[in-house]
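Visitor: Sequences listed follow chains L and G, in order. Start counting the first sequence at 1; every next residue gets the next number (the UniProt record's numbering). Start counting the second sequence at 1; every next residue gets the next number (the UniProt record's numbering).
Don't read these hints as lab results, they were simulated from the structure. Glycine residues also receive a C-beta, built at the ideal position from the N, C-alpha and C atoms. Please note that the accuracy of each hint is not assured.
Restraint-style ranges between C-beta atoms, simulated for each label pair [what the hints assert, rightly or not]:
hint : chain 1 : residue 1 : chain 2 : residue 2 : range
1    : L       : Met50     : G       : Val208    : 47 to 55 Å
2    : G       : Thr150    : L       : Arg47     : 42 to 50 Å
3    : L       : Ala26     : G       : Leu65     : 31 to 39 Å
4    : L       : Gln44     : G       : Phe53     : 52 to 60 Å
Letter by letter, the chains look like this.
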Amino acid sequence: MADGGGWRPPRPCEAYRAEWKLCRSAGHFLHHYYVHGERPTCEQWRRDLMSCRDWEERRSADAQRSLCESERARVQAAQKHALVWTPRQSPPTDWHLPLLQEEKDE
Amino acid sequence: AAVRFAGGMAEAPDERPQGPAAEEQLQQQRVPCQVFSERQAQGKPQQGFLSSFFSNNQKCQLMLLKTLQTNPYVKLLLDAMKHSGCAVNRERHFSCEDCSGNVSGGFDASTSQIVLCQNNISNQAHMNRVVTHELIHAFDHCRAHVNWFTNVKHLACSEVRAANLSGDCSLINEIFRLHFGLKQHHQTCVRDRAILSILAVRNVSREVAQKAVDEVFESCFNDHEPFGRIPHNKTYARYAHRDFQNRD
């Protein structure tokens with residue numbers, strides 16, 4: 001996400017609008033309270049939607065910066081928990097191997 | 001060697017909301033290491049059932065096909081697994097079988113196969129949830145070195161994630177189980193169901209299972225991969241799938 005040359009927002013503006021709308025819905029309030037015991041905050045989605053529209057209309061550098069920071073923060077928030085297990089560098093070698101019973105039957 | 005399941009769904013089907021009784025049933029039959037021992041004896045379980053219409057096996061196969069083709073939770077998980085190098089093949093990686101007890105399904109890490117208990121899954125919504133739950137285990141198996149058989153904390157982590165992200169603990173499902181609670185009840189449900197699942201597949205005490213869940217809960221409850229969020233219903237799952245497809 002460098003200069004405005006070939007850059008476009010991380011999500012289409014419609015996606016930010018849909019997320020903001022979902023966040024503000026009664027259903028989401030209920031789900032969020034059920035999980036977290038508190039009301040949701042939807043302000044960031046609204047800000048991102050405004051920035052996205054700003055970019056589309058005026059190619060605003062501030063809007064670009066704001067969107068990048070927002071998405072980066074989301075990614076970091078998703079990764080901040082310590083891992084219980086070691087990630088693999090490659091998938092399990094036996095995932096695609098045929099079942100032993102099938103081999104015997106053939 | 002006996003086939004043992006890494007993770008299982010230790011629950012009664014939804015239309016029999018037995019609440020505390022379900023847990024009792026599971027505790028009474030607590031021989032988790034032998035729950036799936038009949039798998040070996042059955043060989044190819046499909047033989048002999050195809051002669052009658054609407055057998056449990058056929059129903060299971062049909063419901064599974066519908067789930068794989070239409071359910072947004074499952075479609076996201078299938079995409080994520082393919083992305084991680086574990087493309088899922090229905091015939092290779094799924095098996096509809098009869099199971100003892102109340103268990104709905106399990107993931108067999110030693111054969112990379114998801115077992116669906118055809119005698120305990122009676123409707124499409126339940127099938128959707130079982131497949132989602134077990135695919136989360138399969139996804140964890142694919143992306144990380146999960147010591148299913150030797151590290152109860154690893155098992156606990158995957159069970160927390162599966163209970164959290166599959167819809168097992170949705171408000172509606174908990175109401176059907178006669179577990180009433182609202183504020184943060186989801187987390188209570190996830191803890192309880194993770195413990196039940198561990199007890200169903202491992203010969204450990206409730207205290208050991210609970211301790212493992214407590215130790216990993218903070219980390220694993222907040223690990224929402226590949227969804228990026230807790231998918232409370234199909235709308236959230238569809239949004240999550242869209243985000244996953246755009247993540248690059």
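Visitor: Check each numbered hint against the structure and report the violated ones by number, ascending.
Guide: none
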